[in-house]
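Peer 1: Between the sequences and the hints, there should be enough to build the whole structure, so can you do that?
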Amino acid sequence: MTHPIPSHPVLIDGSRLIVEACVQAGADIYVGYPITPANLIYSYSSQRFPALLPAPDEISALQWISGLAAAGHMPVTATSFPGFALMLESINMAYMMELPMLIILVQRLGPATGSATAGAQGDVWLLHGMISGGDSPPVFCISSLQDCWQLPPQALRTALEQRTPVVLLTSKEMVMTQCDFDLATLPAIKPLQRNQPVAAPPYASYAVSEDSLAPPFLPVGNSRAQVRLNASTHDAQGILRHTTPPALENTLRLPRKIATGMPALYHLDEQHGADCLVVSYGVSSGAARQAVELLRQQGQAVSLLLCRSLLPIPPSYYEICSRYSRLVFAEENLQGQYARLLFGQALNDKIHLVTGVGKMLRPADILQAVMS
Amino acid sequence: MSQFTVSTDFPFCKGCGHHLIARNVVKALEESGLSPLDVILVTDIGCHGIIDRCFTTHTVHGLHGRSVALAAGIAMSVPPEKKTLVFIGDGGATIGLQHILEAARLNVDLKVVVHNNMLYGMTGGQPSGLTPCGFRTTITPQGSQLPSYDLCRLAHDAGAAFAARVIGVGDFSAVLLQALETPGFALLEVLELCTSYGVKLNPQLRLKQLAGQAGLELGSWSATSRAPTRVAPAPGKKSLLELSPIKQRATAKLNQPLALVLGGSAGEGVQSAAELFCQAAISCGLHVAKKGSYPVTVQVGFSTADMLLSPTPVLSHALDRPDIVLITSQDGLQHNLERIQQMESGELWLDASLPAPTSGACLIQQDFRGRAGARNAALVALLQYVQQSAFLPAPAFIATILESPLAKHLPPDLLKL
Chain A
1 MTHPIPSHPV LIDGSRLIVE ACVQAGADIY VGYPITPANL IYSYSSQRFP ALLPAPDEIS
61 ALQWISGLAA AGHMPVTATS FPGFALMLES INMAYMMELP MLIILVQRLG PATGSATAGA
121 QGDVWLLHGM ISGGDSPPVF CISSLQDCWQ LPPQALRTAL EQRTPVVLLT SKEMVMTQCD
181 FDLATLPAIK PLQRNQPVAA PPYASYAVSE DSLAPPFLPV GNSRAQVRLN ASTHDAQGIL
241 RHTTPPALEN TLRLPRKIAT GMPALYHLDE QHGADCLVVS YGVSSGAARQ AVELLRQQGQ
301 AVSLLLCRSL LPIPPSYYEI CSRYSRLVFA EENLQGQYAR LLFGQALNDK IHLVTGVGKM
361 LRPADILQAV MS
Chain B
1 MSQFTVSTDF PFCKGCGHHL IARNVVKALE ESGLSPLDVI LVTDIGCHGI IDRCFTTHTV
61 HGLHGRSVAL AAGIAMSVPP EKKTLVFIGD GGATIGLQHI LEAARLNVDL KVVVHNNMLY
121 GMTGGQPSGL TPCGFRTTIT PQGSQLPSYD LCRLAHDAGA AFAARVIGVG DFSAVLLQAL
181 ETPGFALLEV LELCTSYGVK LNPQLRLKQL AGQAGLELGS WSATSRAPTR VAPAPGKKSL
241 LELSPIKQRA TAKLNQPLAL VLGGSAGEGV QSAAELFCQA AISCGLHVAK KGSYPVTVQV
301 GFSTADMLLS PTPVLSHALD RPDIVLITSQ DGLQHNLERI QQMESGELWL DASLPAPTSG
361 ACLIQQDFRG RAGARNAALV ALLQYVQQSA FLPAPAFIAT ILESPLAKHL PPDLLKL
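First to last, the protein sequences are chains A and B. Using my numbering, count along the first sequence one by one with no gaps and you end on 372. Using my numbering, count along the second sequence one by one with no gaps and you end on 417.
Please note: incorrect hints may appear among the correct ones.
Stated by the list, open to error - List of simulated lysine to aspartate or glutamate pairs, EDC-like, C-alpha gap at most 20 Å:
# : chain 1 : residue 1 : chain 2 : residue 2
1 : A       : 359       : B       : 323
2 : B       : 208       : B       : 181
3 : A       : 190       : B       : 242
Claimed, not checked - Only some residues are given here: those of chain B computed to face chain A with a beta carbon under 7 Å:
#  : residue
4  : 37
5  : 53
6  : 58
7  : 63
8  : 70
9  : 74
10 : 77
11 : 102
12 : 200
13 : 235
14 : 289
15 : 291
16 : 315
Hints were generated in silico from the structure; no laboratory data involved. From the three backbone atoms N, C-alpha and C, an ideal C-beta is built for every residue, glycine too.
Peer 2: Following this line, the structure appears as structure tokens:
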């Protein structure tokens with residue numbers, strides 16, 4: 001096999017690409033609180049973001065970010081489970097207030113403080129129901145260094161267009177491992193533009209049109225029209241209400257907005273004649289790709305689905321999976337979290353899990369599961 | 001009717017002190033010369049927080065106790081002529097005390113009005129951190145036995161530009177106006193009573209007397225003027241991708257992937273040596289992945305670099321069976337002992353000072369630590385490995401080292417072929 005000679009080869013980690021991509025896409029402020037293994041992102045952000053605020057804790061970080069977003073900024077933070085747990089109520093607030101922001105969640109081995117310097121993919125179930133009521137914000141998942149470049153702008157675009165917090169899910173080895181990479185292969189990033197509402201006052205902070213379930217955004221402090229933001233159940237004006245029909249309608253609009261505004265991003269490599277589909281995401285994607293490559297070299301037909309849009313689950317994943325008689329899920333957690341989210345706790349015989357805790361999945365394990 | 005309100009029918013219990021605070025705030029706003037859209041009112045959970053619907057300002061209704069932090073994010077980024085006003089209760093000030101101290105320390109341009117009725121009125125009259133000793137609540141019917149926080153003193157000590165405490169009777173709009181006109185963090189604590197619980201459980205209580213007994217001084221405290229913290233964007237920072245391309249120097253003789261482990265002690269250059277080695281490998285046409293392992297302490301314990309080198313792109317970073325292991329210290333040996341013992345082939349390059357473990361790998365013992373000191377042991381180990389193995393041209397590695405910032409710290413003869 002021959003490979004093109006790279007024209008700008010470097011040794012690079014994913015954190016550097018993520019931060020640069022965020023800034024080029026238009027994120028303008030990073031709020032940080034240190035935590036391993038998200039520290040590289042914080043460090044690079046201090047060199048690159050137009051503005052940076054060091055927060056005294058993760059609750060403050062998310063509250064500051066919410067205030068910054070309310071005032072018209074496009075803020076970013078990064079954390080790992082212990083910090084994310086502290087942010088949880090505030091992310092719910094931002095979801096309810098409909099504030100755009102990007103939270104990069106770098107998974108590490110739990111429970112609790114677990115092993116700060118060991119990777120994992122154990123937070124998918126946490127994300128799935130993290131919005132009280134059972135919903136999730138949009139969650140994108142990085143599967144490669146190319147994704148470290150391409151997904152942050154996509155996540156930021158979704159945050160802005162849908163007026164919502166967005167989670168960019170990754171793992172320790174994806175953001176800290178250094179790999180050879182050809183910078184010349186990176187496509188240009190077009191800066192995102194926020195669409196200001198054109199309607200004259202009165203402005204209603206949560207009134208939507210027929211065109212979009214996401215309300216137009218005006219920042220607090222503007223001199224054109226009053227803005228009301230509210231974390232409690234509220235009507236289209238942003239005024240606190242009990243469970244009145246208009247207020248409930250507003251609350252129920254939020255998951256519909258996320259579901260309809262979530263792009264289905266995935267890498268699908270289908271092979272003619274294959275009856276087995278390997279499904280993976282995040283840091284296990286590399287092992288899945290290598291296993292599929294080895295299988296094909298051995299003459300075994302096999303297809304590959306790498307999920308980049310994780311939550312809400314894109315309906316297209318079911319359609320893709322339905323084409324195969326065998327599904328092999330590869331993910332670095334104990335339960336096969338994403339497989340069970342897709343197909344329930346009682347998995348049928350069609351589904352096989354390759355899971356692991358405390359060390360990265362090996363291509364050989366995936367290969368064996370496909371062959372067995 | 002004030003331009004700042006849509007109604008003076010505030011949604012509080014009859015006789016609640018919150019009415020008076022609201023009226024004084026409206027009066028101070030009128031006297032400030034501000035217009036409604038110059039003001040952002042941030043409230044949170046508690047009886048005080050249900051007032052935002054009455055205001056014509058921008059309003060933000062957030063989480064219990066988090067209004068100061070939420071408002072800090074706003075205040076740090078809106079223009080200085082915009083005023084961010086926070087309503088919070090004594091319960092919110094308790095759960096969110098850190099937010100108040102941090103906003104004071106940063107001197108964020110916030111005006112915080114603490115509605116201190118000394119208990120949680122919305123949830124049944126429980127005590128807060130601002131409940132004075134002796135004050136009766138529903139769960140302390142004999143009176144609280146604990147002292148309260150002196151919030152004004154705490155805020156002042158943390159750096160607040162202005163802090164004041166008043167009894168919530170009559171007209172105290174002048175103090176509110178002073179807070180509004182003070183650049184930076186200003187906090188006004190208003191002592192008042194909840195009619196549902198405070199008045200009923202503490203009949204005959206006089207607020208001034210209670211404050212005196214609790215040592216809660218009435219008055220105001222100002223700090224030396226200093227600039228409020230504001231977001232100051234500095235665009236035009238250098239791209240993180242302005243990295244020099246790694247020069248193509250030679251061609252490696254490697255036909256299949258090689259898993260190489262370098263294990264040593266923290267502070268002895270393991271990760272930087274491995275990084276240079278990987279750059280040299282790239283300069284010879286190889287693909288690489290380098291993963292660092294070390295304890296959370298930075299300068300003590302082991303430091304291990306796992307490196308995968310391959311003529312084809314490295315897809316999986318998993319490395320559990322190394323082909324080559326280089327160990328420069330006892331820390332590195334201990335951390336990698338299990339996988340060394342599991343090796344059935346390959347090579348173990350071990351510093352001469354270390355005991356040889358049981359392993360199926362071919363043992364090669366050399367002096368890594370003595371040649372250029374412990375700080376350079378990892379680099380020496382890689383240099384000796386490269387010079388004695390065939391796959392990576394040594395001149396490429398040496399050239400990579402010479403062009404790195406590390407070169408000037410190395411003994412002059414170390415890099416001679």
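Peer 1: All hints are to be evaluated individually against the structure, with a verdict given for each.
Peer 2: Status of each hint after checking the structure:
no., hint, result
1, A/359 x B/323, "18 Å, holds"
2, B/208 x B/181, "27 Å, violated"
3, A/190 x B/242, "18 Å, holds"
4, 37, "5 Å, holds"
5, 53, "5 Å, holds"
6, 58, "4 Å, holds"
7, 63, "5 Å, holds"
8, 70, "5 Å, holds"
9, 74, "4 Å, holds"
10, 77, "4 Å, holds"
11, 102, "5 Å, holds"
12, 200, "26 Å, violated"
13, 235, "5 Å, holds"
14, 289, "5 Å, holds"
15, 291, "5 Å, holds"
16, 315, "4 Å, holds"
Checked against the numbered hints above, the structure violates hints 2, 12; every other hint is satisfied.
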